[in-house]
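Those sequence lines, one after another, are chains A and B.
Residue numbers for the first sequence follow this note's numbering, beginning at 214 and rising by one.
Residue numbers for the second sequence follow this note's numbering, beginning at 756 and rising by one.
Misleading hints may appear alongside valid ones.
[Stated by the list, open to error] Quick list of the computed label-pair ranges, beta carbon to beta carbon: (1) Ser1058/B x Ala718/A: 54 to 60 angstroms; (2) Ala237/A x Asp1009/B: 44 to 50 angstroms; (3) Lys1054/B x His409/A: 53 to 59 angstroms; (4) His821/B x Gly313/A: 49 to 55 angstroms; (5) Arg481/A x His821/B: 53 to 59 angstroms; (6) Lys322/A x Ala1053/B: 33 to 39 angstroms; (7) Asp343/A x Lys960/B: 45 to 51 angstroms; (8) Gly899/B x Lys322/A: 32 to 38 angstroms; (9) Glu942/B x Lys322/A: 23 to 29 angstroms; (10) Ser344/A x Lys1054/B: 37 to 43 angstroms.
[Stated by the list, open to error] Calculated pairs, DSSO-like style, for lysine-lysine (alpha carbon to alpha carbon, straight line, at most 30 angstroms): (11) Lys390/A x Lys1064/B; (12) Lys322/A x Lys945/B; (13) Lys361/A x Lys1064/B; (14) Lys973/B x Lys227/A; (15) Lys953/B x Lys258/A; (16) Lys953/B x Lys227/A; (17) Lys974/B x Lys782/B; (18) Lys960/B x Lys227/A.
Everything labelled a hint here was simulated from the structure, so no lab data went into it.
Note that the structure is predicted; figures quoted are calculated from it, not measured.
All residues carry an ideal CB built from backbone N, CA and C; glycine is no exception.
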Amino acid sequence: MSVRDLLSPFSAWKNVLRDPVTIADPLNRDAAPRYRGFHQNDIAKCIGCGTCETICQNGAIDMLPVDSVATKIGDSGLRPRIDYGRCCWCALCVDICMTGSLTMSNEYKWVDPNPDNFRFTPGIDRKSWDSAELGYQRPEQHRLTETKRIAMQELEADERIDNFAEIVAGYTVAEAKLEADRCVSCGICVATCPTHMAIPEYIAAVRDGDYERGLKILYETNPFSQVCGRVCTRKCETSCASRHEGDAIAIRWLKRHITDQVPYERYREIVGDPLPPTGKKVAIIGAGPAGLTAAFDLARLGHQVTVFEAKGAGGGMTRYGIPEYRLPYEALDRDINLILSMGVEIHYNCRIGVDRTMDSLQQDHDAVVLAIGLQQGRQTRIPQSNHERVYRAVDLLHKITANEPFELPHCAVVIGGGNVAMDIARSLARMQKQQYGVVNITVTALEEQQHFMADADEIKEALEEGVLIRDRCGPQGCEVDTGGKLIGLKTWRVVSIFDEERRFAPKYDEQDEVVHACDTVIEAIGQFSDNSLLGELLTETLEWDRGRLKIDAAGRTSEPWLWSAGDCVKGPDVVSAVADGHRVAASIHQKLQEEDR
Amino acid sequence: MAYQPDRSQYPQRRPDGTLDIDLTSGKYLKLWQGPQHPGITGNMSVELTVCGDEVVAGKTHVGYLHRGFEKLMERRTFIQCFPIVCRICVPEPDFNEYCYAAAVEELAGITSPERANWIRTLILEMGRINSYMMYLGGQAGSLGQGVIGQWTTYARDLMLDRFEELTGARIYHMFILPGGVRDGLPEGFKQRMEETLKEIESILKDVYNVMYCNAVFKKRTVGIGYIDPQLLDSYGITGPTARAAGVAKDVRRDQPYLVYDQLDFEPITGKDSDIYTRADVRRRDLLMSVDLIRQILAKMPDSGELMAKLPNVLHWQIPRGETYIRGECSRGEYGYYLVTDGSGYPRRVNVRGPSYTHAVALLERLIVNINIADVAALMVSLHTYPPEIER
Chain A
214 MSVRDLLSPF SAWKNVLRDP VTIADPLNRD AAPRYRGFHQ NDIAKCIGCG TCETICQNGA
274 IDMLPVDSVA TKIGDSGLRP RIDYGRCCWC ALCVDICMTG SLTMSNEYKW VDPNPDNFRF
334 TPGIDRKSWD SAELGYQRPE QHRLTETKRI AMQELEADER IDNFAEIVAG YTVAEAKLEA
394 DRCVSCGICV ATCPTHMAIP EYIAAVRDGD YERGLKILYE TNPFSQVCGR VCTRKCETSC
454 ASRHEGDAIA IRWLKRHITD QVPYERYREI VGDPLPPTGK KVAIIGAGPA GLTAAFDLAR
514 LGHQVTVFEA KGAGGGMTRY GIPEYRLPYE ALDRDINLIL SMGVEIHYNC RIGVDRTMDS
574 LQQDHDAVVL AIGLQQGRQT RIPQSNHERV YRAVDLLHKI TANEPFELPH CAVVIGGGNV
634 AMDIARSLAR MQKQQYGVVN ITVTALEEQQ HFMADADEIK EALEEGVLIR DRCGPQGCEV
694 DTGGKLIGLK TWRVVSIFDE ERRFAPKYDE QDEVVHACDT VIEAIGQFSD NSLLGELLTE
754 TLEWDRGRLK IDAAGRTSEP WLWSAGDCVK GPDVVSAVAD GHRVAASIHQ KLQEEDR
Chain B
756 MAYQPDRSQY PQRRPDGTLD IDLTSGKYLK LWQGPQHPGI TGNMSVELTV CGDEVVAGKT
816 HVGYLHRGFE KLMERRTFIQ CFPIVCRICV PEPDFNEYCY AAAVEELAGI TSPERANWIR
876 TLILEMGRIN SYMMYLGGQA GSLGQGVIGQ WTTYARDLML DRFEELTGAR IYHMFILPGG
936 VRDGLPEGFK QRMEETLKEI ESILKDVYNV MYCNAVFKKR TVGIGYIDPQ LLDSYGITGP
996 TARAAGVAKD VRRDQPYLVY DQLDFEPITG KDSDIYTRAD VRRRDLLMSV DLIRQILAKM
1056 PDSGELMAKL PNVLHWQIPR GETYIRGECS RGEYGYYLVT DGSGYPRRVN VRGPSYTHAV
1116 ALLERLIVNI NIADVAALMV SLHTYPPEIE R
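Given only the sequences and the hints, what does the whole structure look like? Please build it.
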């Protein structure tokens, strides 16, 4: 204790002469630029994936339908409603947001006499801070989920060009786990998938390493899981929440990974036994994905199913259309054999209309399903296109699969820019490499290359394999020399494909003419269904819709005993055919049960 | 020389060891201090038995703030625990964030990037300044000096402004998450921080003149609340309370974490182990934090990663394991004990807040034989934040 201790405290009096530090109007103080204030949501950007709701530890976020947003592919139609009685402004919802639509303003004052108003849907309920520029937004480097897809091991062009070995190697267990870990389980893909596979659930099974559980989930909705794991058009991946700020989850490859990991001997036991026999009989015409899916479902429900297939093996277009390097026959056979093991009887090389009639099928069965697909190739009908060296792509693909002999072209031109065009071009390229050592295939199509119907991967791989692509070429006629030998395809440059009313009406620049020299022309411009098996009387009785059988939502035709499914009534891919197969099977089962009551 | 109580007034002990206090005799009185009391000890209370104006027994009562954080966390995923932990200590929440993040990182095998470690250290030191500022106001306030609280609240507010621009929030910063930190320093931050530090130093000078060089303050704090250095280990006393007893315990130096091994500092110690010495040690520690922040801002890298790569936080599972992570907060050793069982949720989280050891057992011992008027000053001098006691 000293004199200083007595006097020193009085130094506080110096503050008498100072200005006060109190802020005169604290209510109009702006918060810092990073301040985590009230939420904003860019409604157009938001897809309603609900990841914000999942991560919110307070349960402050509810995903609710709103009037101004419609549910569509890739958008659940729901938007987050935030309860400010629960929110703690931790901003994990902003950090995890898959589209970056959810942000925070730096506004922090909100006075309202009605407590219910503090539960609001940002972006829908208009607020004064909706357009605030400052506030917390997820920093560029700050991501709570991985954005990059795990790369798939594939054969290089020089390794694959002279053989039909499968290109895609499939994920290893470690790779699959990493890829599965990227999924946020929002489930938007489920609504997009035509057959509504339980995608988040089987991806969770990959994460957990429980492949048997994953396999059971797969075959609940898709008996062609090995096929779809390789060649599905994967609409799911186009609606994946991860694709908005990164790569979509490799859903197709993860599906394939599950089927690769479970030994095939275990499949039958995991999928389970059918129900006891009901005594009902169903006939299915066509052993493609639609027909066999219906057969699988109906057989599992205990009905006696007989499948009639005109060709020597099952699978339809998946066998006779898709080349082996994309879908090995063993994978297809495994799926088909699993379906047949459910007690499905199948008659190969049995053509309805020739070996059996529709009448006899109707008499012997309680229900008949027509699932004959699109087997006939469309023709361009350009001059000289009836030459014997002008083929339809589907016919040639069939010959390649069935090992039927044909004269391999030295130089071929393919007309068409879809996946079938790429399939035939790449198949012939491989055979040319094997037999002649050089690839000489040209693909011509009306569209610009970036607007081809074919998958981007297909085009890229075709180019790597030496296939030439000539886009914006309209075929005008085949050139035949005086000896009757096909020597080329004449094309004009395409100016436009559609007219003002978006109707198909290509316009050409006739001055820009090219003759593509070749000894073979292949048309790959689409397919149609051959309905001659129905017979004249039935064709007359049935109702038609622009050349296709008219069916209702459940796949019923105008005849009460006849259903139709797959490509012949609806398109255009394997997974849609599978979905269709399920639909008719459910409808038939319901009908057969009603008959019993 | 330690304070020698007057034993003549002290009640006899019964054979079972309890005090023989007969409330009907009129000699003793029960008096509740808290849970509402201006001594800023938070929501806890002490049940005092007084004889005249001297305390003969004190019993602490906690539970006014129990929210069950440790149990809540067992039902939340690892990332969902991150917004919860800061609430366990309001005035200095960052240690919860750091210790939890470090525990999760250790068990999950993640290393937070170097730049994130510097920012974490910066935040922890900023939090320490805030906490001490609050303490200074409380210590002076408990002895009737309201003006100190006004000054330190102003200084603390300046630091909250810096927190706001760095982390996006003033109190619960929620900035240090498992894997790193959310963002780097905003533009112009270093300069504004330097201005704030200068202001804080100037205010501390005033506080020193008015609070520490003050005959009244000295009269009421010197020699009061003496803690025998031999009690330190048996009572688990750490931090400034231990250093004021002459024991240079400081986790920052004893077991350096983050970037403390790259910083130049020595633990601040005192000799007399009374309320005054503890207050002085804290003031000097505060000045050391100011110095540490300057060192950090000068040495820290301006570019580099801020977050380690995390697995998808929605499915994050951490293998079996247990760990204890500790750090030196403004009140002593802060620790997180985390047990994981391979699932997506923590099996057990235990928070070791220094208030638990200081404010319950130690307070009950120290409170005996002091004047009623000194109880508040004694409680504050142990620097208690009750939410830590009842996590």
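Margin query: Between the alpha carbons of Lys974/B and Lys782/B, is the straight-line distance 30 angstroms or under?
Written below: holds, 28 angstroms
Query - Ala1053/B and Lys322/A - C-beta distance against the hinted 33 to 39 angstroms - result: Roughly 37 angstroms apart at Cβ, these two residues keep to the hinted range, so it holds.
Can you let me know if the beta-carbon spacing of Gly899/B and Lys322/A is within 32 to 38 angstroms?
holds, 35 angstroms
- prompt: Is Lys953/B within 30 angstroms of Lys227/A, Cα to Cα?
  reply: Roughly 19 angstroms between the alpha carbons, so the hint for Lys953/B and Lys227/A holds.
Is Lys960/B close enough to Lys227/A, meaning Cα to Cα at most 30 angstroms?
Roughly 13 angstroms separates the two Cα atoms, so the pair holds.
Beta-carbon spacing of His821/B to Gly313/A - inside the hinted bounds 49 to 55 angstroms or not = The hint (49 to 55 angstroms, Cβ to Cβ) is violated, given that His821/B and Gly313/A are roughly 39 angstroms apart.
May I ask you to test the hint 54 to 60 angstroms on the CB atoms belonging to Ser1058/B and Ala718/A?
-> holds, 58 angstroms
Is it true that Lys1054/B and His409/A lie within 53 to 59 angstroms of each other by Cβ? About 57 angstroms separates the Cβ atoms of Lys1054/B and His409/A, which means 53 to 59 angstroms holds.
- Decide if the proposed pair is consistent with the structure: Lys973/B and Lys227/A, CA atoms, cutoff 30 angstroms inclusive. The hint holds at about 22 angstroms.
Does the Cβ pair Ser344/A, Lys1054/B satisfy 37 to 43 angstroms?
The hint (37 to 43 angstroms, Cβ to Cβ) holds, given that Ser344/A and Lys1054/B are roughly 41 angstroms apart.
Checklist entry - Do Arg481/A and His821/B keep their Cβ atoms within the hinted range of 53 to 59 angstroms? => result holds, 57 angstroms
field: Assessment of proposed distance window 44 to 50 angstroms (beta carbons of Ala237/A, Asp1009/B)
entry: holds, 48 angstroms
The structure fails hints 4, 15 (numbered hints given earlier, in ascending order).
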